[in-house]
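Asks: If you want the building blocks of each chain, they are given just below.
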Amino acid sequence: MSENIVPDAELDCVGLYCPMPISLTKEEIEKIGVGQILRVDADDPAAEEDITRWAKRTGNEVLKIEKEGGILTFFIKRLK
Amino acid sequence: MTKILYVQTSGPDTPERTYAPMILGATARAMDIEASVFFMIKGALLLKNGEAEKIQLGDFPPLKEMMDQALAAGVTFYLCEQSVALFGLPKGDFIPEATVAGGATLNDLALEADTVLSF
Chain G
1 MSENIVPDAE
11 LDCVGLYCPM
21 PISLTKEEIE
31 KIGVGQILRV
41 DADDPAAEED
51 ITRWAKRTGN
61 EVLKIEKEGG
71 ILTFFIKRLK
Chain R
81 MTKILYVQTS
91 GPDTPERTYA
101 PMILGATARA
111 MDIEASVFFM
121 IKGALLLKNG
131 EAEKIQLGDF
141 PPLKEMMDQA
151 LAAGVTFYLC
161 EQSVALFGLP
171 KGDFIPEATV
181 AGGATLNDLA
191 LEADTVLSF
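Top line first, the protein sequences correspond to chains G and R.
Read in order, the letters of the first sequence correspond to residues 1 to 80 in my numbering.
Read in order, the letters of the second sequence correspond to residues 81 to 199 in my numbering.
Next up, chain G with everything else stripped away, as it sits in the complex:
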C-alpha cells in the first residue's frame, strides 16, 4: 500500500506503563529532525488517548495509529 509510512526512528514501549511511554516519546522525538517520523510501539491501553493528546498539546502530528494483537503502533511526525 502507498500508505506505508517509513519511520526515521523507532521506540519500543511494550511492557511500559504511564507515564513512561509519554516521557520516552518526548525524549526520542527530540532526537529526530523536524519533519521526520518516530514510530512508537506500546501495549499500555492508556497510550492511545495519552499520546494523541500529548501530540496535540506539544504541536506534533500523529499520522497513523495501528492496532494489532494488543500492540498500538503510532507514527508521529515531529513538527517543531
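Worth double-checking, as some hints may not be accurate.
[Stated by the list, open to error] Listing some non-contacts, in silico: residues in chain G with all C-beta distances to chain R over 10 Å:
no. : residue
1   : Val6
2   : Glu10
3   : Leu11
4   : Val14
5   : Glu28
6   : Glu30
7   : Lys31
8   : Lys64
9   : Glu68
10  : Gly69
11  : Lys77
12  : Leu79
[Said to hold, decoys possible] Below, computed lysine-lysine pairings styled on BS3-like, alpha-carbon distance capped at 27 Å:
no. : chain 1 : residue 1 : chain 2 : residue 2
13  : G       : Lys67     : R       : Lys128
14  : G       : Lys67     : R       : Lys171
15  : R       : Lys122    : R       : Lys134
[Unchecked claim] In silico negatives: residues of chain G with every beta carbon more than 12 Å from chain R:
no. : residue
16  : Ala9
17  : Ala55
18  : Phe75
Hints are computed from structural coordinates only; laboratory data are not their basis.
Positions of the beta carbon are idealized from the N, C-alpha and C atoms, including for glycine.
Fit chain R to the supplied structure of chain G, relying on the hints for placement.
Replies: Same frame as chain G, now just chain R:
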C-alpha cells in the same frame, strides 16, 4: 461548549463520595455542559465490573444505576487503569464504557475544562 471535569479519587470504602460526579455530570449534560469523569486512585476501583452494583446508600438507587444514567446523558468516563496497581490488584475486568487513559490525558482534560471538581 462549556466543559466541566470531575475527578473521582474516592472509591468503594467511602461510598458517600461516589454519587456526586454521576449526579452532577448528568445535570451538566441537561445544562448543555460537556462533562467528563476521570476515575483514578481508589475511584478506579468503582469501574471494576460488578463493583458499582454493590454500592447503595440511603434512599439513593445503586451507584451503577446513577452511572448508567450519566453515561446515557452523554457524560464521558476516563479510567486510570494503572491506579489499581497501587492496591496490588490485577488490571482488566473494567466496564467497557470507560476510555483507558493516563497522566497526559488528565492534564489535558484539566486544561481544556472550564472547571475541575474533585471528589
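Asks: Taking the hints in turn, state whether each one holds.
Replies: How the hints compare with the structure:
1. With a cut of 10 Å on Cβ distances, G:Val6 stays outside the contact zone with chain R, its closest approach being about 26 Å.
2. With a least beta-carbon separation of about 21 Å from chain R, G:Glu10 lies farther than 10 Å from that chain, consistent with its non-interface assignment.
3. Even its closest Cβ contact with chain R, about 16 Å, leaves G:Leu11 beyond 10 Å, as expected for a residue assigned away from the interface.
4. Remark: the non-interface label on G:Val14 is consistent with the geometry, its nearest Cβ contact in chain R lying 15 Å away (cut-off 10 Å).
5. Look at G:Glu28: its CB is around 15 Å from the nearest CB on chain R, clear of 10 Å, so calling it non-interface holds up.
6. Under the 10 Å C-beta cut-off, the non-interface status given to G:Glu30 relative to chain R holds; the minimum distance is some 16 Å.
7. Against chain R, the non-interface label of G:Lys31 holds: every CB pair exceeds 10 Å, the least being about 20 Å.
8. Even its closest Cβ contact with chain R, about 19 Å, leaves G:Lys64 beyond 10 Å, as expected for a residue assigned away from the interface.
9. Distance check on G:Glu68: its Cβ is at least 17 Å (rounded) from any Cβ of chain R, clearing the 10 Å threshold; non-interface status holds.
10. Taking the minimum C-beta to C-beta distance to chain R, about 16 Å, the non-interface status of G:Gly69 holds against the 10 Å cut.
11. In this structure G:Lys77 is separated from chain R by more than 10 Å, as the shortest Cβ-Cβ distance comes to about 18 Å.
12. The Cβ of G:Leu79 lies farther than 10 Å from every Cβ of chain R, with a closest approach of about 17 Å, so its non-interface assignment holds.
13. With a C-alpha separation of about 24 Å, the suggested pair G:Lys67 and R:Lys128 falls inside the 27 Å cut-off, and the hint holds.
14. Using a Cα cut-off of 27 Å, the hinted pair G:Lys67 and R:Lys171 holds, with the two alpha carbons roughly 20 Å apart.
15. At roughly 15 Å between alpha-carbon atoms, R:Lys122 and R:Lys134 fall within 27 Å of each other, so this suggested pair holds.
16. At roughly 20 Å from the closest C-beta of chain R, the C-beta of G:Ala9 stays outside 12 Å, upholding its exclusion from the interface.
17. For G:Ala55, the requirement that its beta carbon stay farther than 12 Å from each beta carbon of chain R is not met, with the minimum near 9 Å.
18. The non-interface label for G:Phe75 is consistent with chain R: the shortest C-beta to C-beta separation is roughly 18 Å, beyond 12 Å.
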